[in-house]
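Taken in order, these protein sequences are the chains called A and B. Per the numbering used here, the first sequence starts with residue 1, numbered consecutively. Per the numbering used here, the second sequence starts with residue 1001, numbered consecutively.
Each hint should be verified, as a subset may be incorrect.
[What the hints assert, rightly or not] Where chain A lies over chain B, by a calculated footprint (3+ residues, C-beta under 8 angstroms): (1) 1110-1121; (2) 1240-1249; (3) 1284-1290; (4) 1419-1425.
Note that these hints are calculated values from the structure, not bench results. Note that the structure is predicted; figures quoted are calculated from it, not measured. Just so it is clear, CB atoms sit at the ideal spot from N, CA and C, and this is done for glycine as well.
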Amino acid sequence: MTQALEGFLQALAAGLLIGAVYGLMCVGLGLIFGVMRVINFAHGDFMMLGMYAVFYLFTAFGIQAAFGNTVGPFVAILLAGPLLAVFGYAIHLALISRVSGTRTASLEGEGHYAQLILTLGIALVLQNGGLIVFGSVLASIRTPLSSSAWELGPFFDISIFINRARGVDAILSLVTMTLLTLLITRSRLGKSLRAAADNPTAATYMGIDVDRAHRIAFALGTGITAVAGGLLATNYPFHPFVGLEYVIVMYAGVVLGGMGSIIGAFWGGMTIGLVQQMSTLVLPTQLQNAAIFVVFLLIIFFRPQGFFGRMVERT
Amino acid sequence: MQASRSLLPVVVFAVLYAAVSLTVTNSYYQLVLTLVPVWAIFGLSWNLLSGYTGLISFGHAAFFGIGAYATALGQIYFDLPPWVSIPIAALLGGIAGLAIGFPTFRLQGHYFALAMLAYPLAILYVFEWLGFQEITLPIKRESPIAYMQFGDPRIYTLLALAMLFGTILLTQLIERSRFGMALLAIKQNEAAAEAAGINTLAWKLRAIALSGAIAGAIGGFYAVVLLVVTPQSVFGMLVSAQALTVAMFGGVGTVWGPVIGSVILIPLAEILNAEAGSRLPGIQGVIFGLAIICVILLAPEGLFWKIRDLLRKRPVLSAPASRTAHDPSVVIALPSRAVSRDRSSEPADVILEVRHLSRSFGGLKAVQDVSFRLRRNDILGIIGPNGAGKTTLFNLLNGFLLPDAGEVLIDGRDMSGRKPHELCEAGIGRTFQIMRPFLRMSISDNVVVGAYVRAKNDTEAGKLAADAIARVGLSEIAGRLAGELTTKELRLMELARALAGQPRILLLDETLAGLGHDEANEVVTVIQRLARDGMTIAVIEHTMQAMVRLVDSFLVLDHGAVIVEGEPEAVTRDARVIEAYLGKKWVAYAPH
Chain A
1 MTQALEGFLQ ALAAGLLIGA VYGLMCVGLG LIFGVMRVIN FAHGDFMMLG MYAVFYLFTA
61 FGIQAAFGNT VGPFVAILLA GPLLAVFGYA IHLALISRVS GTRTASLEGE GHYAQLILTL
121 GIALVLQNGG LIVFGSVLAS IRTPLSSSAW ELGPFFDISI FINRARGVDA ILSLVTMTLL
181 TLLITRSRLG KSLRAAADNP TAATYMGIDV DRAHRIAFAL GTGITAVAGG LLATNYPFHP
241 FVGLEYVIVM YAGVVLGGMG SIIGAFWGGM TIGLVQQMST LVLPTQLQNA AIFVVFLLII
301 FFRPQGFFGR MVERT
Chain B
1001 MQASRSLLPV VVFAVLYAAV SLTVTNSYYQ LVLTLVPVWA IFGLSWNLLS GYTGLISFGH
1061 AAFFGIGAYA TALGQIYFDL PPWVSIPIAA LLGGIAGLAI GFPTFRLQGH YFALAMLAYP
1121 LAILYVFEWL GFQEITLPIK RESPIAYMQF GDPRIYTLLA LAMLFGTILL TQLIERSRFG
1181 MALLAIKQNE AAAEAAGINT LAWKLRAIAL SGAIAGAIGG FYAVVLLVVT PQSVFGMLVS
1241 AQALTVAMFG GVGTVWGPVI GSVILIPLAE ILNAEAGSRL PGIQGVIFGL AIICVILLAP
1301 EGLFWKIRDL LRKRPVLSAP ASRTAHDPSV VIALPSRAVS RDRSSEPADV ILEVRHLSRS
1361 FGGLKAVQDV SFRLRRNDIL GIIGPNGAGK TTLFNLLNGF LLPDAGEVLI DGRDMSGRKP
1421 HELCEAGIGR TFQIMRPFLR MSISDNVVVG AYVRAKNDTE AGKLAADAIA RVGLSEIAGR
1481 LAGELTTKEL RLMELARALA GQPRILLLDE TLAGLGHDEA NEVVTVIQRL ARDGMTIAVI
1541 EHTMQAMVRL VDSFLVLDHG AVIVEGEPEA VTRDARVIEA YLGKKWVAYA PH
């Protein structure tokens, strides 16, 4: 009995910790989808780039030497965010803007076909280019934190162990999320993003440059996901095709939270993390991911607008 | 004749392809030649659902994988030869299509696409868990032909080519039939398709079942050719992406698109992999990706359409601006030259009666307690300021929305709560505020879609369509592509599409929007002619001048409720109408 309870609490803690990072990951994608309505298939690969950016910043650019193994990775993560944001900005400027935003009015199906296949193309280039540049060997960012744990308790003979690296990851994820929320709700930039998302035509009439808003959302979304990727990289080894594994989790989270809702995407990612970890209690490990998809499908059928979304009907 | 004309390129392609593949002796290149038709068929299967209906599936690997595993496991456990198990794989693929389609078609747009993504991946993990990480088809030396294990790899290519040939013919057959027309109609506007009498769910289910069956069969064949099946290689996301890629690269919604895409991309990828794969692993992916990016930027709908447009030398017009903003200064003119039609003086029979119809969205009462009667041969004008509930009323009448309360009686029968295609069969036709023509189809083809609700076969549908086109006066340009038409011609085409289903009651939603004065007059003349020929019409319009000449009576809505009903002369003088349109201070100027 005690053992079962301990297992449950341990899985709950693990789910909450990983869920916080998944949440941030989903927020990056949710921001892009919410503002632009573009399905970005390459988002997992942007995250992969973020992981490698952290890796090289940490090892090759002297951050390891300057800050040491404990703090160094997190410094690298904070630098990788803006770096990838610039990358996202450039990708949007050069490619995505050609098939989205105000230019898509004349395309059939509002250019969805074009957006899908374009991001699919970008994903292929990044994955395989990554294979050429980074090699197929698993990379990892080791910090002494990932092999030590905080012990909570014991309460009535039950102790919960929290991996220190995951704990710090979850805290940093929450901090980033809070900063982003403040940016979106309080700043002038955030207002223009929300306006562009809500009604692009009306926003244009109000003097908002919708294409610029899209570009900023794309950059911001890419940067946020890169940070989340970096946080994950302190615990999990990665390779150039890692994006494929996470892009599904991201979409599941975004849909769960309600497409277009940024805070919803965070809770969606959190749910995915919890489902993944809790399912280990009853299911074999291989079926963890199958459980995610089943939950995803159930939610999509019974509450397609997600937790926080709203349905908008137009004839 | 049309059939033989489209058959010729297919035969030429098949013969050329067979000739080329028979000369190749290198077994690796022969494998590439086998894979080209395999992926082309898979692309065609995807195209059948997603290309024609516009519902993008990211999950076609589900059907492909089910087929591959059915064939492989069938041979391992039941000793089934592929000649038997591939048809079984097709059957299973079709059943999977129905099982997946039935719940998933309730979702729209992005939700559908993303839900489809989840199916193959969920199945993938289940197969891994079941312990089918890598299964190998046993070699059958004693009866190679029965087990499709040919010594000469060219036979695989010919077999694949034969399957491709069959799939192309099937797709062409569908493209030309009412099946294909129904799918295209769903793609342009699902709501409009329902309103035109098409049971969209039934057609979508047929499409996904057939698409799943083709994907299942080709998945089974793929397993036989490669002899090894792993969850990643048949259920993986890259498999679904392959179908999308060849179809979108080549051209969406055309039979040649996936074939072109496959013929170019598959050899390119395989050869790059063979030549440079050892030094630069993944080089084929990079080139592949770059090729896709370039094509999509230069020809966003695929190579086929780009080439066709170039050959036609006529740039297809971009979609007309869907709707111009309303002129805020609504002119309430007096009926100077009201054209009175010859109308029998005896009371005509009521064919549409609306009783206490209400519908609210959350707290907003969009339509409240609306009642009116429409007599045979009447023209009723429904007017009111923006947001008065006019379009919502139409949506209630043709079944897009369910009323919260009230009844809609057609010939005395309560039809409220029925689906749009059922109401269309009962005789309600409608046009839309926002036009969604299929730009690459001719006027005739656009209109034929509307005729299927009445027609028993394709010939009759063609006749009904031609008749409808004649009634709106577009016969001379019936062969033109919708993308080349003016707004007025598009409006008339929409009218013809509604007429093709031989409705008795026509609901026209802002048919004059975006038209100039003279153009509006032409359309008004057409509508008047329809009324003279016995059509009953309800029309929503903002331009009062045109309306006053057109209608027999007005129904004025404001905030969802009827404020006035009556003859045009009386209504235009009514103080409440002027107030609703122009505000209180103008009431003083109303002629008393």
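Quick rundown of the hints versus the structure:
Restraint check on the stretch 1110-1121 of chain B versus chain A: 9 residues with Cβ-Cβ distances below 8 angstroms, three needed, restraint holds. Counting residues of the stretch 1240-1249 of chain B whose C-beta lies closer than 8 angstroms to any C-beta of chain A gives 5; at least three are required, and the coverage claim holds. Look at the stretch 1284-1290 of chain B against chain A: 6 of its residues bring a Cβ nearer than 8 angstroms to a Cβ of that chain, three or more, so the hint holds. Requiring three or more residues with a Cβ within less than 8 angstroms of a Cβ of chain A, the coverage given for the stretch 1419-1425 of chain B is violated, as only 0 such residues are present.
Of the numbered hints listed earlier, the single one contradicted by the structure is hint 4.
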